[in-house]
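There are 2 protein chains.
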Amino acid sequence: MNIHVAARPAATAEAASRLAIADCDIHPRLKSVKQLYPWLSQRWQEHLATFGTTYRQPWQKGPAYPKAQPQASRRDAWPPGGGIPGSDLGFMTAQHLDPNNVALGILNPLQTGQGTQNIDLSAAMCRATNEWQVAEWTGKDSRLRASVVVPYEDGPAAAREIEHWASHPHFAQVLLLSRTAEPLGHRRYWPIYEAAAAAGLPVAVHAFGYGGWPISAGGWGSFYIEEMVGHAQAAEAVVASLVLEGVFARVPALRVVMVEGGSAWAAALAWRMDKHWKKLRQEVPELSMAPSEYMRRHVWYTTQPIEEPEPRRHLAETIEWIGWDRILFATDYPHWDFDDPAQALPLRLTEAQRRGLFLENARTLYRA
Amino acid sequence: MNIHVAARPAATAEAASRLAIADCDIHPRLKSVKQLYPWLSQRWQEHLATFGTTYRQPWQKGPAYPKAQPQASRRDAWPPGGGIPGSDLGFMTAQHLDPNNVALGILNPLQTGQGTQNIDLSAAMCRATNEWQVAEWTGKDSRLRASVVVPYEDGPAAAREIEHWASHPHFAQVLLLSRTAEPLGHRRYWPIYEAAAAAGLPVAVHAFGYGGWPISAGGWGSFYIEEMVGHAQAAEAVVASLVLEGVFARVPALRVVMVEGGSAWAAALAWRMDKHWKKLRQEVPELSMAPSEYMRRHVWYTTQPIEEPEPRRHLAETIEWIGWDRILFATDYPHWDFDDPAQALPLRLTEAQRRGLFLENARTLYRA
Chain A
105 MNIHVAARPA ATAEAASRLA IADCDIHPRL KSVKQLYPWL SQRWQEHLAT FGTTYRQPWQ
165 KGPAYPKAQP QASRRDAWPP GGGIPGSDLG FMTAQHLDPN NVALGILNPL QTGQGTQNID
225 LSAAMCRATN EWQVAEWTGK DSRLRASVVV PYEDGPAAAR EIEHWASHPH FAQVLLLSRT
285 AEPLGHRRYW PIYEAAAAAG LPVAVHAFGY GGWPISAGGW GSFYIEEMVG HAQAAEAVVA
345 SLVLEGVFAR VPALRVVMVE GGSAWAAALA WRMDKHWKKL RQEVPELSMA PSEYMRRHVW
405 YTTQPIEEPE PRRHLAETIE WIGWDRILFA TDYPHWDFDD PAQALPLRLT EAQRRGLFLE
465 NARTLYRA
Chain S
105 MNIHVAARPA ATAEAASRLA IADCDIHPRL KSVKQLYPWL SQRWQEHLAT FGTTYRQPWQ
165 KGPAYPKAQP QASRRDAWPP GGGIPGSDLG FMTAQHLDPN NVALGILNPL QTGQGTQNID
225 LSAAMCRATN EWQVAEWTGK DSRLRASVVV PYEDGPAAAR EIEHWASHPH FAQVLLLSRT
285 AEPLGHRRYW PIYEAAAAAG LPVAVHAFGY GGWPISAGGW GSFYIEEMVG HAQAAEAVVA
345 SLVLEGVFAR VPALRVVMVE GGSAWAAALA WRMDKHWKKL RQEVPELSMA PSEYMRRHVW
405 YTTQPIEEPE PRRHLAETIE WIGWDRILFA TDYPHWDFDD PAQALPLRLT EAQRRGLFLE
465 NARTLYRA
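Order-wise, the sequence lines are chains A and S.
Start counting the first sequence at 105; every next residue gets the next number (my numbering).
Start counting the second sequence at 105; every next residue gets the next number (my numbering).
Keep in mind that the hints were calculated from the coordinates and are not lab data.
Some hints here could point you the wrong way.
When chains are identical, the list treats them as one kind, so a pair holds in a single copy or across two.
Here are the simulated lysine-lysine pairs, DSS-like style, with alpha carbons at most 27 Å apart [stated by the list, open to error]: (1) Lys135 <-> Lys382; (2) Lys382 <-> Lys171; (3) Lys138 <-> Lys244; (4) Lys382 <-> Lys138.
Given these sequences and hints, build the entire structure.
Now the structure itself:
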C-alpha cells in the first residue's frame, strides 16, 4: 500500500524571512521508556519492566495509524542519527523549527501513561514525562513550551500534578485526550479544570485516547479513515459535554483548546445546542447564557488537519463564525499527516488575520 | 419542570391561501398495539401478550423524552376524542394537514418493532405496521405517503419486506433508524440498500433507535439535551459509514434522506472526509470519487429541528454548500419540538428556493 503524501520542499534560505509562526501541536517522543527512569522510582521501573502498561485499547489488536507510516510519522522525519521521529531535538530543529520559523512551539507528548488503567502508574509516568519535557526540550530550546500531562481518569491526582507545575514558566497548558472513560464534562474531571484555571493554564483536548467506547453511536467502524473522520464527532461530544455540564459556567476562567479534531463543525454544534437549549434550559440550570456563548468565550481550535473545501470561501465563513482570534495554527509534526505552514491555509487572508492565526492568537492565549 | 414551548397560532382562514408544503417527517401512532392484530398471526399476538418486545434499550430505565412532554408530543396534540398524539387522522387533519396546507405528508412511524431483538417478531411487526399505514392512513388521505418499515438488523428479511411493497403506490421510502448494532454502511445492511434502489425508493434514516452504544465516543452523557445534540453526531457517523464502506459506489441509484439529525454539519463532515481520503484512498478503493461527491449526489436532509444561527446568513451558507435542492421541509408533527412552517425557516429565500425547500424538492425525490 502506497499512501499518498505530497513531497515537501527542502528547507531554503528564504525560510528565515518567512513570517514567524506558532506551532500549537508538536509531538516529542521518548527514544525509549528508559528516558523516564531518572524520574521514576525503583518501584515503577520494575513495574514497567515486569508488567508494562495496560490500556483500554483496541489498538493493541492492530495499528493505530496506517502501517505504511511507522510511528504515524512522515517518512523523512526519522533522525539520521537514530531513534524514532520526534525523539531528537537537533533534527526537529533542523527539519522543522528553523526552516518553518517556529517562534513558539507547543509540545503535546502522547505516549505518557495518560489513560493507562493503573492510576498510580499513570500518575508516576505523567510526572516523569513532565520532568523529561523540561530537561530534554524546553530547557534546551526557549521557543518550546511544555504541556502538563496528567493522569486524567483520577481528577484529584491530575489536579495535584497541575498544582506542582503551576508556577513553572516552561508549561503552556494542561493536556488531555478526547476519548475518556466518561464524557469530559463529568464531575470526576472538574478538579482538572479548577486547577488549570487557578494556574492560568488553558486545557488542551487532543484527539485520540480511548475510554472503552466505539467512536460512532452505531458501533465499530471498518476503516482507519472512519476513525480519523470520527475524531471530529468525538471532539463535538467533548465540547457539548463541557458546555452542558456547566463546566464553563462553574469555572469562568477556563480556556479550552481543541486539538486535531477540526473546527468546521463548531457552528453547527453550537446552533443545535442553542436550538434545544431554548426549550430545555431547565435541565441545565447552571447555564446562564446560550451554549454558543460559552463556546465563543471559552473554546479555541487548532488548524491541523485543516479542512480544504471547494469553494474555499466556505472555510473563511466557518472561521468567521468561530472568530478569527480563536484559531491556532498547528502542524502535528512529525506525524505523517503534517500540515505544511507554507501550504496549509488555502485562503486569502488579511494581514491581521494571517498574523493572528499563525502567531498572535497563540501568544495571547498562552501568554508567551 | 416547565418546558418552554412557544404557543402556536390557531389555524386561521388564511391557511388555505398559504403555499402548499411537503412535510417529510410526520409520526403516526398506534392507538394500541392491538391495532396491528388484524395483520399479526395468532402466534405473534400471543407472543406480544406474553413477552412484549425486548430492545437494546437503556431508555427502559427512564424517559426517552422529557417527561413533561408525554409521548414526546405537543401538549395541544392530544386528540379530543381520546387516544395519544398522532393516533387520530381526523384530528391530525384538523390540527396540521389542513391549516398548514400539507400537500404531501411522509409518514415515519417509530414504534414499529424495528430494532427489537427478536428478529422474527421484528419482521412480523414491521409487516403489520406497513399494512396498518395503508389501511388507516394513506388509504384514507391521498396527501399521505407511507414508509416501508423493515426489521433492519436482518438485511435479507428487510429486503424481502421492501420487495413486498415495491410496486405499491402508497409507499414513498424505506425507513431506518440511525443507531444500529453496527454502523449502517456495514454489509449486513446492504440488502436493504439494494432492494430500495431496485424499488426506486429512497432510504430515510431517522434519528433515534439504539444499538447498544453510547451516543458519544467518551461514553454516557448526563442530559437529555446532550442526547438531542448527539443525534447530529450519530447522523454524521451514518453518512461517513455509508460513504466510506462504498455503499453509494456499489448502489449508484441509492438515495438517502437524513431525518431529524440536522444538516449544518454536512459540509464540515465532507471536508474532513475529503482531507483524509486524499491521503488514504487505498483503504477504500471502491470509491471512485471524493467522499463529498457521494454526499452531494446521494444524500438529502430534512429541516427539523432547523438550526437558527445568528447571524442568520450562516444558515443560508450551509445550505448553499449542501445544495438548495437537497433540503426537505419537515415538522416532526406531533412531537413537542415541532417546527412550525410559518416560522421555521428564518431566512430570506428566493421564490425558487422557497418552492424547492417547502415542496418541490420532496415531490422530485419522492416522485409524488
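Hints versus structure:
In the homo-oligomer, the alpha carbons of Lys135 and Lys382 never lie at most 27 Å apart, since the shortest distance is 52 Å inside one protomer and 31 Å across protomers. In this assembly of identical chains, the alpha carbons of Lys382 and Lys171 lie at most 27 Å apart only when taken from different copies (17 Å versus 47 Å within one copy). Taking CA atoms no more than 27 Å apart as the test, Lys138 paired with Lys244 passes inside one copy only; the shortest distance there is 20 Å, against 77 Å between copies. For the homomeric pair Lys382 and Lys138, neither the shortest alpha-carbon distance inside one copy (54 Å) nor that between copies (38 Å) is at most 27 Å.
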